[in-house]
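Guided by the hints, dock chain S onto chain H, whose structure is given.
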Amino acid sequence: QKEVEQDPGPLSVPEGAIVSLNCTYSNSAFQYFMWYRQYSRKGPELLMYTYSSGNKEDGRFTAQVDKSSKYISLFIRDSQPSDSATYLCAMSAGGTYKYIFGTGTRLKVLA
Amino acid sequence: DAGVTQSPTHLIKTRGQQVTLRCSPKSGHDTVSWYQQALGQGPQFIFQYYEEEERQRGNFPDRFSGHQFPNYSSELNVNALLLGDSALYLCASSGDHWGPYEQYFGPGTRLTVT
Chain H
19 QKEVEQDPGP
29 LSVPEGAIVS
39 LNCTYSNSAF
49 QYFMWYRQYS
59 RKGPELLMYT
69 YSSGNKEDGR
79 FTAQVDKSSK
89 YISLFIRDSQ
99 PSDSATYLCA
109 MSAGGTYKYI
119 FGTGTRLKVL
129 A
Chain S
66 DAGVTQSPTH
76 LIKTRGQQVT
86 LRCSPKSGHD
96 TVSWYQQALG
106 QGPQFIFQYY
116 EEEERQRGNF
126 PDRFSGHQFP
136 NYSSELNVNA
146 LLLGDSALYL
156 CASSGDHWGP
166 YEQYFGPGTR
176 LTVT
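Quick note, the sequences are listed as chains H and S, same order. Per our numbering, the very first residue in the first sequence carries number 19; after that it's consecutive. Per our numbering, the very first residue in the second sequence carries number 66; after that it's consecutive.
Okay, chain H solo, but in the shape it has when bound (with noise of 0.2 Å):
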């Protein structure tokens, strides 16, 4: 079993759309948690970044940490074409410096 799971997608959603991308864990020790965006052939590039529990929101992103269920979330609200982008997922322990990273999830926003 991988530390941390993701689903390939793709996840095609029409504009406007409120996305929810989620990845799940197996090691209780991850307490940083983190939300790339990828663009085909490009670096990761930061979305969010939370740490332990809860929730944060930025603007149409908001990051959900649920330790109890090893689960993490992130909603896209108002989806755009510009959102079509590969959504990759990374956490951490304390006391470690590596991030795992999920293998991405792949969401289409139609136009």
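Keep in mind that the hints were calculated from the coordinates and are not lab data. Small disclaimer: the values here were computed from a predicted structure and weren't measured. Heads up, the beta-carbon is just placed ideally off N, CA and C, and yes, glycines get one too. Hints are supplied without guarantee of correctness; some may be wrong.
Within a straight-line C-alpha distance of at most 16 Å, the following computed EDC-like cross-link-like pairs (lysine to aspartate or glutamate) qualify [what the hints assert, rightly or not]:
hint	chain 1	residue 1	chain 2	residue 2
1	H	K74	S	E167
2	S	K91	H	E63
3	H	K126	H	D25
For the chain S half of the interface with chain H, some residues (derived, Cβ under 7 Å), not all of them [said to hold, decoys possible]:
hint	residue
4	F129
5	L155
6	F170
Simulated restraints, written as ranges between beta carbons of each label pair [said to hold, decoys possible]:
hint	chain 1	residue 1	chain 2	residue 2	range
7	S	G123	H	S100	29 to 35 Å
8	S	E116	H	P99	41 to 47 Å
9	H	P26	S	T79	30 to 36 Å
10	H	Q98	S	T70	26 to 32 Å
Here is chain S on its own, set in the frame of chain H:
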């Protein structure tokens, strides 16, 4: 404010050769991590450099080595290249050395081994 930069953008090498990739961190950052991203996969941690020392290493063989310079820039060296080393190599920089922190990635170097 310059972000993370990497060079070269693309590279084609032959099996058995050696390659050096370069990274300059974001301004104000002192820590550099290297990741390998195979097609359709998430990045995999190779190692991290801080204060010119390798601080942590992932599950990669000794063929993968690195260096950090006093100006915080870094190099990734891969010896005896294998076909399976073909991937996007990503550098990430960060500024807080007391544990995990926000990491910012560069555009990557795409390495093709033939």
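Structure-based check of each hint:
no., hint, verdict
1, H:K74 to S:E167, "holds (15 Å)"
2, S:K91 to H:E63, "holds (13 Å)"
3, H:K126 to H:D25, "holds (14 Å)"
4, F129, "violated (14 Å)"
5, L155, "holds (6 Å)"
6, F170, "holds (4 Å)"
7, S:G123 to H:S100: 29 to 35 Å, "holds (33 Å)"
8, S:E116 to H:P99: 41 to 47 Å, "holds (44 Å)"
9, H:P26 to S:T79: 30 to 36 Å, "holds (32 Å)"
10, H:Q98 to S:T70: 26 to 32 Å, "holds (28 Å)"
Hint check: a violation occurs at hint 4 only; the rest are consistent with the structure.
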